Amino acid sequence: MFFPSLRPRAVIPLRPLSRPGRLWAVVLALACLASLLLVALPAQADDADARRAESPYFFVKSDDPSVDRLPLKATEVDARIAGPIADVTVTQRYRNEGQRPIEARYVFPGSTQAAVHAMTVRVGHRVIVADIREKQRARIEFEAAKREGKTAALLEQERPNVFSMNVANILPGDEVAVELRYTELLPPTEGRYQFVFPTVVGPRYRSPANKVATTEEQANGTAAPSGSFPAVPYLPAGEASDTRFDLRVAFASPLPVSGLRSSSHQIEVEGEGSNGARVALGGDAESSRHNGNRDFILDYRLAGDGIASGLTLFPGAPGEENFFLAMVEPPRAIATTQINPRDYVFVVDISGSMHGYPLDTAKTLLRHLIGGLRPSDTFNVLLFSGSNRMLNETSVPATQANVAQALRTIAQMGGSGSTEIVPALKRVAALPKSPDVSRSVIVVTDGYVTVESEVFQLIRRNLGQTNVFAFGIGSSVNRHLIEGIARAGQGEPFIVTRPEQAAAQAERLRRMIDAPVLTQVKARFEGLDTYDVEPERLPDVLGGRPVLVFGKWRGEPRGQLVVEGQAAHGAWQAMLPVATPDAQAVALRHLWARHRIQSLSDQEALQGGDTQREAITALGLRYSLLTQYTSFIAVDRVVRNPAGGSTPVDQPSPLPQGVSNLAIGAEVPSTPEPSAWIALGVVLVLLGAAAWHRGGSSAKRLWRKPRRLVR
Amino acid sequence: MHSQPYRLRLTGTPGLAALPAGAWLALHAAALWPHVRWAAGRLLDGSDDPLGLAALALLGLVLVRMAPRLRAAPRPGWFVASAVMTAAATFSLWALPPLAAAVLAVLALSLAFAAWRPDDAPWLPFAGLALLALPLVASLQFYAGYPLRLLTAQLSTWALQLAGLEAARSGAAMTVQGQLVIVDAPCSGVQLVWLGYFCACAAAAWVGLRDAVLLRRLPVVGLLVLSGNVLRNTLLVALEARPQGLGEAAHQAIGLGVTAAVCAAVLVWTPREQEKELRHADRH
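Taken in sequence, the protein lines are chains C and A. Quick note: the first sequence, position 42, residue 42 per UniProt numbering, numbers continuous. Quick note: the second sequence, position 79, residue 79 per UniProt numbering, numbers continuous.
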């Protein structure tokens, strides 16, 4: 044919698809379409936003009976208090009741001012004295000992008030006792002393925005302190720990001890009014099971109700350093008649960990704080959790109507969500302020965050013209954050564990703001050659706390210390004569080093990075102190687990008293498949029914003999 | 006895020639013992769901039922192919991940079955059940779980939007009426996929469904499973998003109900054509 056929011809001849082929083609096309849609639709979040490993989590006991999931059997605290110095021994007893070697890991709290200076480990009859090492070196030694099958213990500082203990190669049936010793100064407030022993680390919120330390940073130890926090398992709220908690306090005071009381625990007191009083935990067996879920707080007075001012000198061994500690009672506060207009900004945490009892306590506190403002004062309230909001655009006068409206709004708040404290403080820092108005920022929180360093840095850099006060609310507050905020903001820390304390603490803040006790404080020595004096610049005295000066001395112990300042009624001066050196005051060595390390850490937090790493490491190694850059390590010389391999076990903590499960995070519902066995059972029943049905039908023969159809 | 155009001569091994087909298959399975040991290990160490046991049990039942009708001599081509595949499965132990090597082993065993199976017996249900007997579920969950979750979440979101609810997908999670509900790993439907194909293979093996018919059915089984999972997920998400949430028993009951419905549909629909044809054959 001349003209080619107009019928289209395939270039590559293809046979038409069969029926199954068409079906498969449809399925493939649908799958491709679905994939394209999934890619095209933006996903706001994926699994990367799920709970991070560093976050707290609920403890789930494994069903493997061969591993002991609760190896910490007891914590025993033995405190000896001599005047304002406490010497504390903490013994943690681990026992492996399983059938496999384990490595017990436990995160526990410490006092914010604790100078941890010794660790001893007992395995059977052997006693191993721990050594202080640079942190990374200690970790390497620990890992090596663990691999070799030696029982080893590693104590690290996660925060100045949070420590982690790893005990490797605890064999079945072993009992390992780890004994820590620390020294702490208990500075009095308005003549009252307080000994606090925290028992539990509150669950810390870690902001996703917070920088995560890289592996390299973790390896070389330069990770920012806030960049890492160990994942801590918790028992659900109200569940008592199986770990026995016992505490004893013995006084050896130069003055009679009186007014012994504990707002946190039931106690039994012996010899009150004498120099050698003794305190032990009381209560019945059931209540004692819950002793370890809140701070132990013991208040006491020394005879005279004043602050025992004095200058204590410790003579070091020949060729060694000598130390001193001066404690000077400030003048009594006198309310000034002329009050300048003041502006108050209340920054209130309404996150999940504050849900329930802590938030109720905070509301009571705010009722007293805001309700006690003068009409000439102005105020504003910022509520924060995951986000934050101001009650008013700008500060409003503390009129009855404004106060009532603020209190109504606060009363409606329920705790939930995360704890984004840094954005909240940034917003406060950005608030405009009239130069003739004195502003006070009052932060109310439980402090369950991991961004302490950022908070301190932010306050120092941005709130310089403001006094920042911090109220820690709860039974086991993050005192490191609360005290650090106060230190950075030239304010004072307050701890409120119960609603009934709120009124008194609010009144204390009011007195403090109305009448600073002592300003422009200076200290100088006459006749005594001193050096390395801490702190370099003395802070204002606001809360009836003593003026504290640490340092070293050389030469002859003579002369006097002169402390001067401005009190409400004019210039003020106190003189303390140098007393005879006291060879028993060995604690001064550790207390001075601890204070110096804290100053360097504050400076490092301000500068960022690890600028003071070398200096802090040197101090830790020289004075045998646990720091963020030094750790204690104890290694048994005997290889007890030659096969190696031990199961890591994270010891759970109870949730602090009053803290709800929301502190760990609200449970997000999901839609899981039914459990495999039940689903399979249902399907097998269906199969049986189908077979039975066919057995009775025209296809009965199929049961006996499948047959092929011949077309 | 069926007449054979070609007979495999097992010369020089009269003992072997006398062995029944069932024994040959058992020997073949024994030759693949490293794979069997691996699969048993995975099953016993708790790292996978024990669903494979059901497929194994059913496979055994099908073989026992078919044993009297197995051929006296194997088909030579299939026999050689199964031997080659067995060698490949053995050598793959050094080169492939254990699961991939086990899939080759299952293929080898299926080829051996193809060599001995009666002329009127299908092959695909046997191969399918053997594959499902492997410890597959955990691996499926790992590789297919996330895409399935995304797909389920997206389809559920559309379904809820069509029903007039405020719903949005956010990764593998959904926000419904302001409430976050996660389509997490156990919600992917992987278990339902396994159960759906198990039912299809079981029904096909039981009625002797032709391979071509079963092959046509398999994509529909997939669609039934996906639809079932989306339905289950949509129902649960809608109920979970209510302020009062959903109780554990109701959760479980809905999951089981949908599973039963999907599997019943597969069981009814898979052998339908065969049933019809059988009835037709009976009538004539």
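Where hints are given, some of them may not hold.
Stated by the list, open to error - Counterexamples of contact, computed for chain C against chain A with all Cβ distances above 12 Å:
hint, residue
1, Ala25
2, Asp64
3, Thr671
4, Ala676
5, Val682
6, Val683
7, His693
Claimed, not checked - Okay, the calculated beta carbon distance ranges per label pair:
hint, chain 1, residue 1, chain 2, residue 2, range
8, C, Ile140, A, Asp45, 41 to 51 Å
9, C, Gly283, A, Gly164, 56 to 66 Å
10, A, Ser47, C, Pro642, 52 to 62 Å
11, C, Asp242, A, Ser47, 39 to 49 Å
12, A, Glu248, C, Gly259, 29 to 39 Å
13, C, Lys433, A, Gln177, 36 to 46 Å
As the list claims (entries may be wrong) - Among chain A residues calculated to face chain C with C-beta under 7 Å, some are:
hint, residue
14, Ala54
15, Leu56
16, Pro186
17, Glu248
18, Gln252
19, Ala261
20, Ala264
Hints in this document: simulated from the structure, not taken from any laboratory. None of the values given here were measured: they were computed from a predicted structure. Glycine included, each C-beta is placed from N, C-alpha and C at the ideal position.
Results of checking the hints against the structure:
1. Ala25: Its Cβ does come within 12 Å of chain A, the nearest being 9 Å, so this is violated.
2. Asp64: Violated: least Cβ distance 10 Å, not greater than 12 Å.
3. Thr671: violated, 4 Å
4. Ala676: violated, 5 Å
5. Val682: Non-interface label on valine 682(C) violated, nearest chain A Cβ at 5 Å vs cutoff 12 Å.
6. Val683: Valine 683(C) not clear of chain A: closest Cβ-Cβ about 5 Å, inside 12 Å.
7. His693: violated, 10 Å
8. Ile140(C) to Asp45(A): 41 to 51 Å: Violated - the Cβ-Cβ distance for isoleucine 140(C) and aspartate 45(A), about 33 Å, lies outside 41 to 51 Å.
9. Gly283(C) to Gly164(A): 56 to 66 Å: The hinted range 56 to 66 Å holds for glycine 283(C) and glycine 164(A), with Cβ atoms some 58 Å apart.
10. Ser47(A) to Pro642(C): 52 to 62 Å: violated, 28 Å
11. Asp242(C) to Ser47(A): 39 to 49 Å: violated, 30 Å
12. Glu248(A) to Gly259(C): 29 to 39 Å: violated, 53 Å
13. Lys433(C) to Gln177(A): 36 to 46 Å: holds, 42 Å
14. Ala54: Alanine 54(A) check passes; min Cβ-Cβ to chain C is 6 Å, inside 7 Å.
15. Leu56: violated, 13 Å
16. Pro186: holds, 4 Å
17. Glu248: violated, 10 Å
18. Gln252: With a closest approach of 5 Å, the glutamine 252(A) hint holds.
19. Ala261: Alanine 261(A) check fails; min Cβ-Cβ to chain C is 10 Å, beyond 7 Å.
20. Ala264: holds, 6 Å
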